[in-house]
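Line by line, the protein sequences give chains W and Z. Position one of the first sequence corresponds to residue 0 (numbering that gives the first Met the number 0), numbered consecutively onward. Position one of the second sequence corresponds to residue 0 (numbering that gives the first Met the number 0), numbered consecutively onward.
One thing to keep in mind: the hints can contain errors.
Which copy is meant is left open, so a pair is good if it fits within one copy or across any two.
To be verified - In silico DSSO-like cross-links for lysine-lysine, where the CA-CA straight-line distance does not exceed 27 Å:
id: 1; residue 1: LYS95; residue 2: LYS133
id: 2; residue 1: LYS51; residue 2: LYS132
id: 3; residue 1: LYS51; residue 2: LYS95
id: 4; residue 1: LYS128; residue 2: LYS51
id: 5; residue 1: LYS125; residue 2: LYS51
Keep in mind the hints are simulated off the structure, nothing from the lab. Every value quoted in this text rests on a predicted model; they were computed, and no experiment measured them.
Protein chains: 2
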Amino acid sequence: MPWRGGKGGPGWEGHFRGCGYRWTVSREVIIEVLSSTRHHMSAEDIYHAVHKDYPAIGLTTVYRTLDLLVDMGLVLKFDFGDKRARYELAEEFSTKEHHHHLVCNRCGRVIDYTEFIDDEVELFKKTEKGLSKKYGFQIKSRMIQFSGLCGNCNREQK
Amino acid sequence: MPWRGGKGGPGWEGHFRGCGYRWTVSREVIIEVLSSTRHHMSAEDIYHAVHKDYPAIGLTTVYRTLDLLVDMGLVLKFDFGDKRARYELAEEFSTKEHHHHLVCNRCGRVIDYTEFIDDEVELFKKTEKGLSKKYGFQIKSRMIQFSGLCGNCNREQK
DNA sequence: ATCCTTATTGAAAATGGTTTTCATTATCAT
DNA sequence: ATGATAATGAAAACCATTTTCAATAAGGAT
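Working from the sequences, and respecting the hints, build out all of it.
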C-alpha cells in the first residue's frame, strides 16, 4: 500500500488526528519541507526553509513538531556528532531510497549509502521479530551508522 | 591476539603514545573506570566514579579524555535520546560481550542485546569492506540501534 | 455560523550538557 | 636536573534545545 502524503486522506493528517493531535498549518508546512528534501536537515535548516513562505512560524514550533513526528515514528532523529540533531522522514513515509549513514568524525561529512541493503533488511526483520518477542519491545525505528575518516581526511592525516 | 589493558605493555599507554599523546594518571584512572563497568556511562558518571579515589581530577579532564578515546576509536559514544552522551569501551578493548542497544523512547531504558549477533557481524564485515573500498572511508566504529517502546511503556500506552 | 474548551503557538527566558579560556602543573625528551 | 610544551582544573562561555506564559487557532458542540 503506497503512502498517501496528501491532505485529507489517511496520510499525515490522519496520523496526527489518530493520536489526538490537531492538524495545523505549521505542521503541514513543516512536513512539506521534510518531504521535499533529499537531505537530513537540522531544526534550524527546516526553520529557515519554512520561514521563506511562512515567516510567522517560529523555531520553537519546528522543534515541537519534530518531537511529535519522532514520537509517532514518522521521522527519524540522528546524531552525527556535531551538536545538532538531524531529521529525516522515516523510510515508509519517504520517497527516498532506503539507506544508512557513513559519518566522517573529522570533517563531519555524511554519506548516505544504499549498498548491501538487501541482506540488512532481512537481518533487521529477523532481529526485530526476535527482540520484540523476547523483550516485549515495540520497535519504531532502527538505525545503522558507521563512522571513521572519509577519503580526504584520511589522506591529510599523515 | 588478546587485548592487554595493563600498564607499560602495548596496551592503552601504547595507544596514547603512538598518537603523540602523553600518558597521565588521569587518563589511566578514567580508562580504569571504563574497563571495570558493565554499563554505558555518562561523562558525569565517570567523573563521580573517578572522584572517589582521585578528587583532584576534574570533569573537564574527563570530557577531554573521552574525546581523545573516541577519536582514537577506543571508546564509543552513544546518544540514547536523553541529552547526555554515554560512553563504552569499543568491543575490541572490552571484556563485555558484543552487543547493541534497544532504547525506550518513553522511559529511557536501554537494553543491551546480544542475540542475532553472528549474522550481523558477518554483514558488518562485508558492508564495511565494500564501503571503505567504494568511498575511501576508514571505518572506526559501527553501531546498530533500535528504538521504540519497552514492555512497560507499551502497556501503559492505552 | 457562533461559542467554548483547550491544544497550539511565538517570543523571550531558562536550561544544562559540553567547550573554551587561561593561568598553573605535570610529562618526558634532552 | 632542565626546558619545552602537553595536560589540567576552575570558572566562564557556548548554544542547541526546552520551558514559560500570554495570545491565538482548531474543531466539537450549539
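The hints, checked one at a time:
1. LYS95 / LYS133: Between. Shortest inter-copy distance 21 Å satisfies the 27 Å Cα cut-off; intra-copy 32 Å does not.
2. LYS51 / LYS132: neither (47 Å within a copy, 41 Å between copies)
3. LYS51 / LYS95: within (24 Å within a copy, 51 Å between copies)
4. LYS128 / LYS51: neither (44 Å within a copy, 43 Å between copies)
5. LYS125 / LYS51: Intra 44 Å, inter 44 Å, cutoff 27 Å: neither.
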